[in-house]
Each structure stands twice: as structure tokens, then as C-alpha cells.
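Trainee: Sequence:
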Amino acid sequence: MLRCPEPDCGHINRPSARFCEKCGRPLRDQPWSPLPGGHLMRGGAYRILEPLGKGGMGALYLAADTGAFGRKCVIKELLDYYDPTDPDEAQQAKARFETEARLLAELSHPGIPRIYSYFSEGGRHYIVMEYIEGETLEQAVSHVDPLGRPVAARPLPTEDVVRHAIRICRVLEYLAAQATPVVHHDVKPANLIVEQISGDVRLVDFGTARSRTRWATQARLERGKSTIFGTEGYAAPEQYQGGSDPRSDVYALAATVYHLLTDDDPADHPFRYPKLDRLPQPLAYALSRALHLEVGRRSTAQEFRQALENWLIPEDKTQPFVFRSGAAALTTGELVNLADQHWFEARHHLAAGDFSRWFRDRNRHDLVAKARSLQPDENADAALESFLRRLDPRLASPRLAINPGILDFGPVTRNARSSRTLVLRNEGRGYAEVALQASVPWLTILPSRIGCLAGEEVRVSVQIESGSLPLRRDHQAVLTCIPVRGPRISIPVSAELSLGRETLRRVAGGLRLLARSAQAGARRGFSGWVRAFRSLIGSRVGVWLLVAEALVLAVSIIALWWTWQETMPDVADLLWTLLVSLPVALVIACLLPGLILVAGAAAWEVVKSVVSRIGRNATARVRSKS
1 MLRCPEPDCG HINRPSARFC EKCGRPLRDQ PWSPLPGGHL MRGGAYRILE PLGKGGMGAL
61 YLAADTGAFG RKCVIKELLD YYDPTDPDEA QQAKARFETE ARLLAELSHP GIPRIYSYFS
121 EGGRHYIVME YIEGETLEQA VSHVDPLGRP VAARPLPTED VVRHAIRICR VLEYLAAQAT
181 PVVHHDVKPA NLIVEQISGD VRLVDFGTAR SRTRWATQAR LERGKSTIFG TEGYAAPEQY
241 QGGSDPRSDV YALAATVYHL LTDDDPADHP FRYPKLDRLP QPLAYALSRA LHLEVGRRST
301 AQEFRQALEN WLIPEDKTQP FVFRSGAAAL TTGELVNLAD QHWFEARHHL AAGDFSRWFR
361 DRNRHDLVAK ARSLQPDENA DAALESFLRR LDPRLASPRL AINPGILDFG PVTRNARSSR
421 TLVLRNEGRG YAEVALQASV PWLTILPSRI GCLAGEEVRV SVQIESGSLP LRRDHQAVLT
481 CIPVRGPRIS IPVSAELSLG RETLRRVAGG LRLLARSAQA GARRGFSGWV RAFRSLIGSR
541 VGVWLLVAEA LVLAVSIIAL WWTWQETMPD VADLLWTLLV SLPVALVIAC LLPGLILVAG
601 AAAWEVVKSV VSRIGRNATA RVRSKS
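Counting from 1, one number per residue, gives the positions in the sequence shown under the working numbering.
Worth flagging that the hints you see were computed from the coordinates, not collected in a lab.
From a predicted model like this one, the values you see are computed outputs, not experimental measurements.
Don't be surprised by glycine CBs; every beta carbon is placed ideally from N, CA and C.
Just so you know, not all the hints are guaranteed correct.
Simulated restraints on C-beta separations [what the hints assert, rightly or not]: (1) 139 to 485: 24 to 34 angstroms; (2) 196 to 270: 27 to 37 angstroms; (3) 199 to 402: 31 to 41 angstroms; (4) 33 to 274: 42 to 52 angstroms; (5) 157 to 72: 28 to 38 angstroms.
Simulated pairs of lysine to aspartate or glutamate, DMTMM-like, Cα-Cα distance not exceeding 25 angstroms [as the list claims (entries may be wrong)]: (6) 54 to 80; (7) 94 to 130; (8) 275 to 264; (9) 72 to 133; (10) 94 to 245; (11) 72 to 121; (12) 275 to 309; (13) 54 to 195; (14) 54 to 65; (15) 275 to 138; (16) 72 to 130; (17) 94 to 80; (18) 54 to 121; (19) 72 to 50; (20) 275 to 238; (21) 275 to 265; (22) 72 to 88; (23) 275 to 263; (24) 275 to 303; (25) 54 to 265; (26) 94 to 77; (27) 72 to 135; (28) 275 to 345; (29) 72 to 138; (30) 275 to 294; (31) 72 to 195; (32) 72 to 98; (33) 54 to 135; (34) 54 to 138; (35) 94 to 121; (36) 72 to 106; (37) 54 to 245; (38) 54 to 133; (39) 72 to 200; (40) 94 to 106.
Put together the whole structure using the sequences plus the hints.
Mentor: Written out as C-alpha cells, the structure is:
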């Protein structure tokens, strides 16, 4: 007897078994060196992005199809799970792998992943399949995280589980309707993936799938050399005897539904379902018929689907949602279309909770939660747009038309405000929420965020702050319209600054500043300051005063240049900076010592007065005592 090496399993298997009958893990570890990221396959047609993991028979890689604009896909590699010393077993493993590829190529159903290619390379065999972004239902019922730590299982709403089962029933009906009926043989939570965007469930891993005739021949050849095709707890009784029927998959699906609804793993007690009576009576009856041990008395996929639909209350048995115009919606798709056509009325229904009540009457509690989570607070249009998008992610996006496509402000003068009007129109559907951004700080947009309904026009003011323009002639910028959904739109913006007028303005400004400084110095006794400064130069501190003035002059020039150079980065701008800043710096260097002298003289006079008064008081006190 062979014990499964998986710590969480430990199942006792038959001596001839290659895989654990309970968890499907290989009983003999096989070395696996995953292909590195960036590895090119089939002459560069596919590029490996990352390994996704491996199972008992194959390994999966996430790859990019270079010939299809980098479309993501999944590449499945056949592993050496068979006995390498047995050439017949190796040939049979390759035949099973080719059978999987052939079956997927022949099948076409939205609930089944599409196959793109099958090839061999370096003695290995590969299948290229559609990439389905989402998570398996096994992750929802698992009690451990990817790191092996215990976690609480996430309960799934009963309605969601039943809807997933109905969709898989349609897949099984399609497989059974083939000219040669196809049996999957391994329907379980790990092979059911819920798509991230649409929420639809897909049936994957057709590695054990067989047609009934192929299965009968293959079972006779492999009997006694391998374990059953399937997973213990989900596999139907006839699979343990080497037989199969399309209703074998119905049994596995019913066991999966039982596991998802009760959190009771059927692998712990195969063929027994102790918590079945805890479910609603109609649902429990439908599961019990699908879990019957006798194939002949077991429900078909169609019968199982109809029983589930009757419990769920089909859409055609509910009251329609009627708008004021008389238009009525019976399905979710019809509701989305009518809400888009009657926008303002739909906005009111969403705010009033009418949509939530209608979904609750139809047992669509998942949509009830979506409607409640998007109750409009401030922006009712944005809330309705998000709600319709959640109901139908394939809904067409709003389409913006902008006039004009280019903004040319022409010649502008310094410290003068120039503006242009931009007209945005929603020529698509729904509600367009747009943010507008400028690439330069001297461009202002009012308002910077707008909303636009279908057929509506919104005007936006674009202004130039010419006082912030750098000192050069031509100025280019880009105004970007960023909608919440849809492509970005870039609008070129250009302006021309008059350099001759700006130069005269700066020179006149410097002269005016110099004149005002000289005038102020004359009013405050400029000649007296000059005499004092001259006498000070002849004193012992004259040298230090000259050094201090030189430092003040240098710091003034550097500070002015550093302040103005960010708006004037060119070489010509540097010359204008020195021309204007030099007189200002000279005035600062001359006035600062004068102010220091005046302040020092005033302080000296105050000190002398205080000292003289103290001396007179002391003398008076001495005389009075004598």
C-alpha cells in the first residue's frame, strides 16, 4: 500500500497507483525545472512570462503570444509522470496529451477554454490555451492560504453557486450532445475558474477527458497500471470500475455544489453527504437525484439544470421592470439598454432603490449588492454609469469630440491674461467623466474636471498666465483630456511672447528702481552718509568695511541671478539679469552701510545720554552728602 506524501492528505492507495486517489498528487516525485521568464518557444512565437505551477500530469506557464500583439495565453507542458523505463506507458501518456489537445480543438463553447496551438520542442510536448484571469472555486472553500496557513473559508452566496452550476450544466449538455459524447472525468472546485471581469465560470483541465468509445478502449489498456481518472469524493462510482457516462460528470458537479454550499468536503467520506438535509428542500432534492449511485437513475445534465433553474426562479417568470414610456425589461441585458436610453429616469430609479427591489424579487442578490454599493451621493450620473458598467462590462464607452483640436494663443504680452474656450461633446453613450491636465504651470484650466452626458456640450476656459512665461519667443504645451473610460486625447497649445517689448519693460523697470533708490537716499541725507562713509574709509576699520561691501555686492548679484534664472534659462537672459541686477546690487551695497552707520550713531547718542544722566545723578548725590 502506498501512502500519499502530501501532509494534509496521507491517503492509503493501491500498490499499482501512480497518483493519490484522494488529492491527485503524484506518488512518485518527478524533477521539474520550470522554464525561466523571457524564454522564447517555437521560434519566438511565444514568450514565457512566469510559471503558474504544476499538477500530477502537467505544468502550466503564463506566456505572451508575440504574433497576436502580446496576447496572454497559457502553455501546458506534459510532465514525466509515467514510468520512464516503460516505453508503452510513455507512449500512452503522450497519446492522452494529444487527445486533450484534439478534444479542445474540436470543442467550441463559451464555458470551455479555447486552444490555440499544439507543438513539440526539445523532446517535450506543449498545448497553448486561452488564458482565463480569475480564481478557482477551490480557493473559496479552502481552509489554507497559498503559504499553507489556516484561514477561514469564504462563504459563497447560494444563488451564486447555483448560477455557476447552471452554467456548467450547459457545458456538460454540450459535451454530451457531441457525435461521440465527451466525458470530462474530473469536475471539481479546482477545475472551475470564475472570470474576474464577467463573473462567469469556466470548466478547465481536459487532461482526463475522453469520448465514451475512446474511454472504454483506454480503460481496458490501463486497468491495473494506473489509478482512476478523477478525484476521490467527486468521481462517480462507475469510474472506479473503469467505466463512464456523461452522467458521471453530473455526479461530480453535484458533489462540487454540495461542497460549496455546506463546506463539507466529500473527499472525507465518499458517496455520503450528511449535510444534504440542511439545504433548502427543492435544492436538496435536485442534488440527491444528481448524486444517485446508479447511473440509470441519475439526473442528466439537462434535468439537473432545469431543477436548479426552477429553484432559482427563472427570469421569464418574474415581473418586468417597466419605465414610464412603457418599455419593459425582462432580463438584465434589456434593463441596461433601457436604462441607457432613459437616463434621467434610470438615475431616479437607482437613487430610490427600485433596481435593488427588482433584483431581489428575481433572487439576484449579487446584483442587489451592486446596486446598493452605488447609491448616488453627489454625482448621480457617475453612479449610474458605474452601475450599468457592472451589469454589463462590455457596454460601449462614451466618445469625446473636442473643438478646436489645436489651441493657438498667438502673440501675448507680459502680465496680460489670454484665454480660449474649449468645447467638449459626448458623441457616444452614457456619462463621460473627464479630467483635464496641463503639461506646464503657466497654463490654467477652469474647470479641471467635468462631466458630460450623451449629446451634451461642456465649455472649458483655458488661460495663459503670461507673467510666468519664460523669456523666450515660442512656447509649446500639451493639454490632456483623461476620461474615466476611453482613450486619452492630447491637444497641442502654442503661444508667442514679444521679446522686444519685454526687454524695454525690464530696462525701464531697472531704471525706475535706481531712480527711486537715489531719490530716497537724497531725502534721508545722502550727502551726510557719503561724508560719514568717506571718513570711515580712512579709519582703521575701513579695510574691513570695503571687504564687507564687496561681499554684500557679490551676494546680491548671485541672489538676484539665482532668483531670475529659473524664468530665464538662456544665455541672453543671463546678460539681461546682470544688466538689471548690477544697479540694484550697487544701491543695496551703498545703502546698507549707510543705514548701519545711522543706526549706530543713533544708538551711540542714546547710550551717551543715558550715561550722562547717570553720572549727573551720582554727582548730585555725592554733593548732597558732603
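Trainee: Could you grab the alpha-carbon distance between residue 275 and residue 238 and see if it respects the 25 angstroms cut-off?
Mentor: 23 angstroms, holds
Trainee: Given the hint that residue 275 pairs with residue 263, does the C-alpha gap stay at or below 25 angstroms?
Mentor: 9 angstroms, holds
Trainee: Quick one, are residue 54 and residue 121 close enough, alpha carbons at most 25 angstroms?
Mentor: Holds, because 19 angstroms separates the two Cα atoms, which is no more than 25 angstroms.
Trainee: Starting from residue 72, check that the Cα of residue 135 is at most 25 angstroms away, please.
Mentor: 16 angstroms, holds
Trainee: Does the hinted range 27 to 37 angstroms hold for residue 196 and residue 270 at CB?
Mentor: Distance hint for residue 196, residue 270 holds at roughly 33 angstroms.
Trainee: Tell me if the straight-line CA distance from residue 72 to residue 98 falls inside 25 angstroms.
Mentor: 22 angstroms, holds
Trainee: Is the straight-line distance between the alpha-carbon of residue 72 and that of residue 200 25 angstroms or less?
Mentor: Holds, because 19 angstroms separates the two Cα atoms, which is no more than 25 angstroms.
Trainee: Do the alpha carbons of residue 54 and residue 135 lie within 25 angstroms of each other, as the hint requires?
Mentor: 16 angstroms, holds
Trainee: Given the proposed pairing of residue 94 with residue 80, does the C-alpha separation stay at or below 25 angstroms?
Mentor: Satisfied, since the Cα-Cα distance of roughly 10 angstroms is no more than 25 angstroms.
Trainee: Quick one, are residue 94 and residue 245 close enough, alpha carbons at most 25 angstroms?
Mentor: With a Cα-Cα distance of about 24 angstroms, the restraint between residue 94 and residue 245 holds, given a limit of 25 angstroms.
Trainee: Given the proposed pairing of residue 54 with residue 138, does the C-alpha separation stay at or below 25 angstroms?
Mentor: 16 angstroms, holds
Trainee: Regarding the pair residue 275 and residue 265, is the alpha-carbon distance no greater than 25 angstroms?
Mentor: Cα-Cα ~11 angstroms, so holds.
In summary, the numbered hints that this structure violates are 22, 28, 37.
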